[in-house]
Every structure is written in C-alpha cells, then in structure tokens.
Amino acid sequence: MKPVLSIRIAWRFLTSSPVQSGLIVAGIAVGIATQIFVGSIITSLQDSLLNTTIGSASHVTLQAIKQSDPIRLTPEIERILATDPRVKPGSVAPIRSISALYSNGTDSASLGLIGGNLKQLQGIYKLSARTVEGRASIGNGEIMLGRDFAEKFGIHAGDSVSLKFQNNETGSFTVTGIFDLGAAQFNLRNAFVSGSVPQNVLGWSNDQYTQIQLQLVHPYDSREVAGQWAQQLPGISVIEWQGQNKDLLAGLTSQAMSSYMIQAFVLVAVALGIASTLAIAAVQKTRQIGILKAMGMSDADAGLVFLWQAAMLGVGGSVCGVLLSMGFLAVFALAPIPFQIVMQPAFVAGSALLGVLVALLSSTIPTRRTSRLDPIEVIQGA
Amino acid sequence: MEACNLDKTYGEGEAATHALRGVSFELCTGEFAAIVGQSGSGKSTLLNLLGLLDSPSSGTVRYHDVDAELLPKKQRAIMRNALIGFVFQFHHLLPEFSVFDNVAMPAYIAGNIPESEIRRRVEETLTMLGLEGMGDKNANALSGGQKQRVAIARALTNQPAIVLADEPTGNLDSVNTKHVYELFREINAENRTAFLVVTHDRSMAEHTDRILEVSDGELVRDERSSGIAF
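Chains as they are written, first to last, in the numbering used here: chain X, 20 to 401; chain B, -15 to 214.
These are computed hints drawn from the structure, not numbers from a lab.
Heads up, a few of these hints could be off.
Derived DMTMM-like pairs: lysine to aspartate or glutamate, alpha-carbon spacing no greater than 20 angstroms straight-line [claimed, not checked]:
1) X/265 <-> X/243
2) X/183 <-> X/126
3) B/162 <-> B/193
4) B/58 <-> X/199
5) B/58 <-> X/318
6) X/171 <-> X/199
7) B/57 <-> X/393
8) B/58 <-> X/393
9) B/57 <-> X/318
10) X/107 <-> X/240
11) B/57 <-> X/396
12) X/145 <-> X/161
Take the sequences, apply the hints, and build the full model.
See the structure below:
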C-alpha cells in the first residue's frame, strides 16, 4: 500500500509541473537517442569495415612453415577443426595455389589461381553471392575471374582464356562467372579453379595443400585460437587475420574508443541534468514533503517519492530516446552512406536501461535530502 | 495525553533560549481546551512537542501511557498518524491534489484502511463540513474558509484521539472563525475527540472548556472556562 502511495505522489508531483517534467524527459530522451545513434553508427560502420575486410577472407590459416611446402591435412588437424566450437560450421577450405600468366596477345598479367572444392570455398569466399556475371562453378576446365581483371581485359562469362602455369605448361579454361569480393586488388590478381588444376601442376598427393583456410564464429577469437593451435600443431604455421591487419585493428579500436568517450560524456551530461533538476524539484516540494511527514509519512516513504519520480522520468525519457534514435537513424539512412545501419536490440535495451539507472542514481541527493527533512522545519517556517 | 515536565531549549551556553520550562498537564478524552499566550510565549512550541513534531530537551509526552520520547522515529510517525490530527494556521493543503485526496491522505499514509472505508469516511467528513460535491476540485481552487475546512476534514480522517490546532482561524474573517469554532464544538460533542487549540485571542479561548495560559515558556494558568457558545 505504501509504495503505491509514493508512486501516486510522485506521479502527481510530476504531472503538476508538466513543463518541467517534459524538459527532463526531453533531456534524457536526447541523451539516450544520441547514445543509441552514435553507438549504432559506429558499430555498423565497424561491422561493415570488418565484413569488407575479412567477410570473404580466411580468419585463421594453416600452412607449412616454408611457404612453398605443402601442408598435410592429417586426421589430427581434421579432428581439431571438426571439434573446435569456435570454427564456423561449413567454412573450412583446404586450397592449393599456383601462379599463372595470362596474355591476350598485346597485354599480359600474372594471376594467382586458388584451387579447391567450390562448396568448401563458398564457406570463405561466398562465391555464389558475390558472382556479378555468369554463375559460380569451377568444374574441370572452368575458371572464375575477378571483376577488375575481367574489365581490364574485356573478358565476359562464357569466354575462353588460356593460362601459362608456373611449370610452363598451359591450360585452357571457360570463364563460368565473374566475382566481386569488394577488394579491387584481390579481384585483379586472383581466380578460382578446380583443386585438381594446381594439384597436377604441383604434383602433390590428395592430402597435400598450400593452405587450410577457415573462418571463425567470432572473428576476434582468432588470436586466441591461433595461439592454441600453434601449440597443438608443432611444425605448422598458424596465421590469423588480426596479426595481418594491425592498422585496420588500430583504426577500429580508436573509433570504438572515441565512440565510448562520446557516449560516456553524453551520459554524464544527462546525469548532471537530471540530478540538478530533481534537486530543484525536491526543494520546490519541501513544503509538501514536510506536511506529509507531519501527517505520519515515514522518512523512507518520503524518500521513495523522489526515487519513483526518477524512475518515471528515466523510463519515460529512455522510451522517448529509443523512438527518437529510430527517427534519427531513419533520416540518416536517407543519406548515401556505403553501409547499412543496424540497431542491435541488446545495445538499444542496454542504453535504455542505462538511462533509467542514471536517472535513479541522479535521484540519490534529493532522495537523501527528502529523507532527512524534519517536518518541524516546514511547519515553523510557514 | 499527558505532558510531563516539558523543557525546550534552543541553542547552547549563553546563547541558549528557553522556549518552555517544566510544562505539565493532562488532557482527557473529549476535552476541548485552548492554549493562550502572547506571541513568542511558547504556545506553538508546546503544540509541536505535543504533536510529536519536535522533541523536548527534557520531559516526556505520553499518549495512552506510552512515552513517545522512547519510540524510534518511525514509530512516532505511526503514532502521529493514528492518534493526532493537525490543523495549521496556513491550512497546509497539498496543491497538487484534489480535495478528496487531501482529506484522504492521512488514511493513505496509514496504509491499512480499505479504499471503500476511506471513501466513506472522506465523503462523510466533507458532508459534515459543508464541502459535499467538492471532492474532485483542486485544493488550490478553494476560498480561504473552504481550505481551512478541508484542513479540518483532513485532521479528522483517521478518527484521531486528539486534534491539535495552531491558530486555526488566524487567517479567517469573523464569520469563518465562528464557523470553525462551531465545527470544532460539534465534532467534539459528536465523536468525543479532544481538541487543543492554540490562539492568541483570549475571547476565542472563552468558548472552550479549559484555558491553559503560557507565558515566557511556563504554564501560568490552567483553569476551567465557561465554554460560552457563540
């Protein structure tokens, strides 16, 4: 019964000063909206950068210590890859690589041929989704070329190309599809063929590969995974993407830090705003609290009034903030930005919860002040 | 209610001010008494001590033989809510609430009275005080006399043993003053609620049954009055 009275009084105090209450709610809403807006943009941008960089690349790569030597896909390696839950299912691709030379009579270019099983390569390179012309297929005598290479030499799906391999033998291929992995250098210098093509050129057995490429469920686990596997698999080189992309990581980390700083300052500003307004509200309502205490309201119940007020303001402000952030992001999405902004439900819920917590924390001073108020101060001071 | 040797001193050492010195008296169920005295004589201080709003420097206040000074703060608040009704000079209504909620507030604070019973009591009291139909009005929208009647209604909601009124007619004209005293009398006679009214107006005090006079913090007179009607 008594908490209900505190809620009733808190609600009445808030609704009796609609402008003041509205301004506090607006303050919290803008703060939370900024928090969600900035957080969502930075996170989406980072995800986009990450996806562009390693979405179609190996996160962890196993290869022989000497790069030109083959790595054997032993039962032990197969067991490790099959049982480690951090490995993304269906994204392990043993590949063989050789270099080749393409010439159209007037111009020539070297090409790295990645040979493997299409189904396994899909797990890393998503070839079907990234085929921009023709179809994804690398059967015998078939090849998939990168968009930049195809454009440079005016090649289209269905054309035939002749390549000279590193052992001076030549091969003729039908271009089944043109892919675009989002990286011009990769598109220009690499092509996909059946695994048997480099195997024949290199003269390797069926269990010998240039690399075993794979992706992880969580890309940022790569350092830990590579460290463990390096110990479990002596004599094998374990390379992971973070070690190969230190500049990108530094950029992402700096971006995340600046985002956290902005969010932290916004929260501090929101907290100070609520705390000062609630403190003023507490002073404004001193007479009423004194009267209520004179009628027998306990110190704890009187203190609860401002805690409930803070909770109501926090919930109201946070809900409005979430809606406002959706509006911000909808407007922002109209601009020609190269990535999609995704609002993570957990982040939005966390930000809203943070708004309520900040509001509750901000009510500490008025709550304590109200608890300590002696009704005689009000009665005598009237 | 029993006041035993009440002392109240503000400040310390040479700066100490003795607001009350050794005040003792008893008030029985159904009594209608007035405390009179000059401004600054200690009347309001005494009323605040009796109302458990303040604590004496020494001495005790007992209600039904329970020493209020020995109770923790929370228990004193409960005792105040259950046994004492207050009527202040400045009515002290809550402007954010309706007349109904203002009158019901002591019952809401008690927390153990069913809503239906609160509604019955409030409507009955408002009718008795001539405020029927005004429950939904905002307390701020009333005249001075009406506000004071709402304050009286609020003091009666929890059916207290005693109503303490500090200059309850200080801000009212003579017509409203008369009306308030008549109401006090009526409630006193009907419910056997004890009344202790602080006033500086001796002629008003003559309408009560007992006059306690405070001068320089001491109880200098305690005598039966004629209790003349208006």
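Which numbered hints are broken by the structure, listed smallest first? Hint 4 contradicted; others consistent.
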